[in-house]
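Note that the protein sequences, when read in sequence, are chains G, Z and C.
First residue of the first sequence? That's 1 in the working numbering, and the numbers climb one at a time after it.
First residue of the second sequence? That's 1001 in the working numbering, and the numbers climb one at a time after it.
First residue of the third sequence? That's 2001 in the working numbering, and the numbers climb one at a time after it.
Check before you lean on any hint, since a few could be wrong.
Covered stretches of chain G (chain C as the covering partner; in silico rule of three or more C-beta atoms under 8 angstroms from a C-beta of chain C) [as the list claims (entries may be wrong)]:
1. 43 to 56
2. 109 to 120
3. 145 to 156
4. 162 to 174
5. 223 to 236
The calculated DSSO-like cross-link candidates involving lysine-lysine, where the alpha carbons are at most 30 angstroms apart (straight line), are [stated by the list, open to error]:
6. G:K33 with C:K2449
7. G:K202 with G:K237
8. Z:K1153 with C:K2288
Hints were generated in silico from the structure; no laboratory data involved.
The structure presented is a predicted model; accordingly, all values stated were derived computationally and were not measured.
Note that beta-carbon positions come from the ideal geometry of N, C-alpha and C, so glycine has one too.
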Amino acid sequence: MKKDVPHIGLFIPCYIDQFYPNVAIATLELLEKLGCKVTYPLNQTCCGQPMSNAGFEADSSGTTSKFIRDFAGFDYIVAPSGSCVMHVKEHSPKVDKLHKNQEHVQSNIYELSEFITDVLKVDSIKGSFPHKIGFHASCHGLRGLRLASDSELNEPKFNKTLQLMKDLEGLEVVELTRQDECCGFGGTFAVSEEAISVQMGKDRIADHLDKGVEIIVGGDMSCIMHMQGIATRDKDKVQLMHFAEILNQVIS
Amino acid sequence: MKMSSKASILAAIKGLNMKEKPLPEIPDFVVPHDLLATYTHSLNTNKGTVVSKEELEQLITETAFPKIYSSSPTFDRFTNCQLPQHPADFADLDLAIIEGQFASAENAAIWVDESNLDLRAIPFITAHLVIVIRKENIVGNMHEAYERIGLTKSGFGVFIAGPSKTADIEQSLVIGAHGAMSLRVVIL
Amino acid sequence: MSHPENATVFLKDKARAKWHDDTLWIVRQKRDVTIHQIPEWENLRELASQIKDHTLSKLDFYLEELEKNATANGIKVHWAENAEDHNQIIGKILEEKNCKTIVKSKSILTEECHLNPFLEERGIDVVDTDLGERIIQFLKQPPSHIVMPAIHLKKSDISEIFHEKLHTEKGNLDPVYLTHAARLHLREKFLQAKVAITGVNFAIAETGEFVVCTNEGNADMGVHLADTHIACMGIEKLIPRRKDLGVFLRLLARSATGQSITNYNSHFRSPSPGKELHLILVNNGRTKQLSREKFRNSLKCIRCGACMNTCPIYRRSGGFSYGSTVPGPIGSILSPGLDLKKYSTLPFASTLCGSCTDVCPVKINIHEQLYEWRQEITKAQGASLKGLSMKLANGIFTSPLAYKISGKLMRASLKTLPDSVIYNPLNVWGKGRNLPDLPAESFKDWYKKNRNRA
């Protein structure tokens, strides 16, 4: 009897769809290489996070309902973004008439690295990546989804994303001065508190540059987009990558 | 007639009909193995020092502490002044020696209450402070300390953990703000 | 009053802003070092959170217990519905005592009630005795941090004002020298004052006593030399049992400054014979906050300031940029409860990074409450330009076609518009950052071309 292979719905945040299709492609290919059956529902638009964080959670029901309908038919929903996944789980308005489907979606939606470690039970990806990197722990993934231990709590150390990269040959992960300070993107904060937002981004990049980092690696393109924008403007000699791109590149 | 503040505050709270949440019991936690060493380390971190009985006696003999008051029987031969009526008259007290009831090793805090203080102001107004404790009265942490205190009634009590200090000027630590400028602890 | 405007001004002095950020980060680091020495740290936070949740759920009961037991101890208990009542009670006591000079140790509550100007209007000389508070009192500034009121000032600022007020040597920046000058100056005040005012860190319902924690010893120097001690507390500062102090005293100083405990933790139960001890229980909006289910547990706060030390926004904008008595993350969830309109920018002065929540010793879900206040504020603001654009965004995201078209338009227009249009000052994003490079096609387009069998 043929075993049922779980069907994964690929959730690609709107700004990745528009500006960083390579990250989406890498996510899709990586999951497929790990033996997953993945479909990208073409009609998906957005999870509603920008509206909710700006205070309009109540007005995002239309977007939320659409999201639920687009993804309810899948066994798992996976996204290369901690902040969008956290939003769907915790800050989407309740849609009473889609109650059962919403529960299913919220219980089965995962950020990419936690899906690979916790559901696929993959310990690490083998390959070679001889580079000096700094890890940017995006806040919503870190303190929202608990993808890694943070510097504030007295708890055993762990990091699901870095775990996947721990056996990459030649990889060096630096220790930052401020291990997990926020980069300053924060959604509409990036424009409503522009001065602080940019200063925070500059400070994060400076921490990495100070340690001789070649590539800043993160799990959320919103943070990366913000820091990349600053790095380009300031002509900083550093690259920024989503870990999906690295893992997809190295995996055989 | 205007409702009294007490009545309006209590009415506002009662009106909420809040569901009671449980009060937890405080469990026992593991305490340091070597209480004396831990206590000494904590006191040093707080910029206080442990001195032996002999060291203190030598210090008093060698240093010019013009005005000394001891309420500790071990050292009361050093007292050279009268307990004043008003604490302000102790403004020029150079050295006070008092007894502490017990001490918490985790943070060096020593419990002192009215039974140890002939005047409440003494440990604060004195220029230099010595507290005498007994080794067997060093407990592991604050939970054990409060267990010792129990529900004893005293009009005033204080945990003293070091000399007075401040870092209000650009985070530079300065010992000796308004209280005693030093704390020495004699552990008998 | 807008936080972003104040923050922008603060950041103009880059060197000073960096110094402020680094200084507060060091305090956060000191906290990290000490908490990692306590294996049961997270248990303690959970216990403290539960004790406070329990207390708030029976606050009326515990307030009456406190009054009963404190009164039996010889403490005169007063109740104040609001700041005005609180100030009047103190004014009356001072009048009865015919007192014209008082000393006061740190009490953010008295700041909240604007006690100093009230008393000064009545010809009473108020001397703030905490060193940081005395410095800002000389400078006529409010505190910029609830635990380190003068954290925004450099040695040179303090040296200058001390030279003016205390006649210290001009240009002498030595903290030991300056602190000693303050010690001598304030000692005079302690010796003269007949009435001393303090705050309250914790009040114990079981025993009818209260605790005041200081490093400097200024609270004690004030009260033990005076004849009358007036202690001011917010009604939420209550805990049920004396032994609960074991939990809270282990958490407070470690969270605040990284010390294992403050130097002095004074337990006041009865006045000294012949003296008076007053305790004022102040509401000033706390019962209103208690009625707000989503924001009620902000009242668990023990005023440690850890959230300020860790907040990347507070560190880069300073306490004054919030315009509220209590600034920073906790201030941003307390203040909108007092005046939604005035403090409407505060819950948005955050990236919701969640660091504050994880350092809070009583586990207040600060970042979640910031999010919830945003929902309240937009509801209250009704239709606005931002609101309409957000509703429009919802419309676009609900319709795949609208999304596709607007996405194409956006990417197309970014490609063809000249830099001067994209990067003009109206485009706030572009002030300090480039826009992302434009890919040739969206992921949707790629997927349709390469994967979609349909």
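Each hint, compared with the structure:
1. Under the rule that three or more residues need a Cβ within less than 8 angstroms of chain C, the assignment of the stretch 43 to 56 of chain G holds, with 12 such residues.
2. With 0 residues bearing a CB less than 8 angstroms from a CB of chain C, the stretch 109 to 120 of chain G misses the requirement of three and the coverage assertion fails.
3. Look at the stretch 145 to 156 of chain G against chain C: 6 of its residues bring a Cβ nearer than 8 angstroms to a Cβ of that chain, three or more, so the hint holds.
4. Counting residues of the stretch 162 to 174 of chain G whose beta carbon lies closer than 8 angstroms to any beta carbon of chain C gives 0, which falls short of the minimum of three for the stated coverage.
5. Counting residues of the stretch 223 to 236 of chain G whose beta carbon lies closer than 8 angstroms to any beta carbon of chain C gives 7, which reaches the threshold of three, so the coverage claim holds.
6. For the suggested pair K33 of chain G and K2449 of chain C, the alpha carbons sit about 20 angstroms apart, so the restraint of at most 30 angstroms is met.
7. Simply put, K202 of chain G and K237 of chain G have alpha-carbon atoms about 13 angstroms apart, close enough for the 30 angstroms limit, and the pair holds.
8. For the given pair, K1153 of chain Z sits about 35 angstroms from K2288 of chain C by alpha-carbon distance, which is inconsistent with the 30 angstroms threshold.
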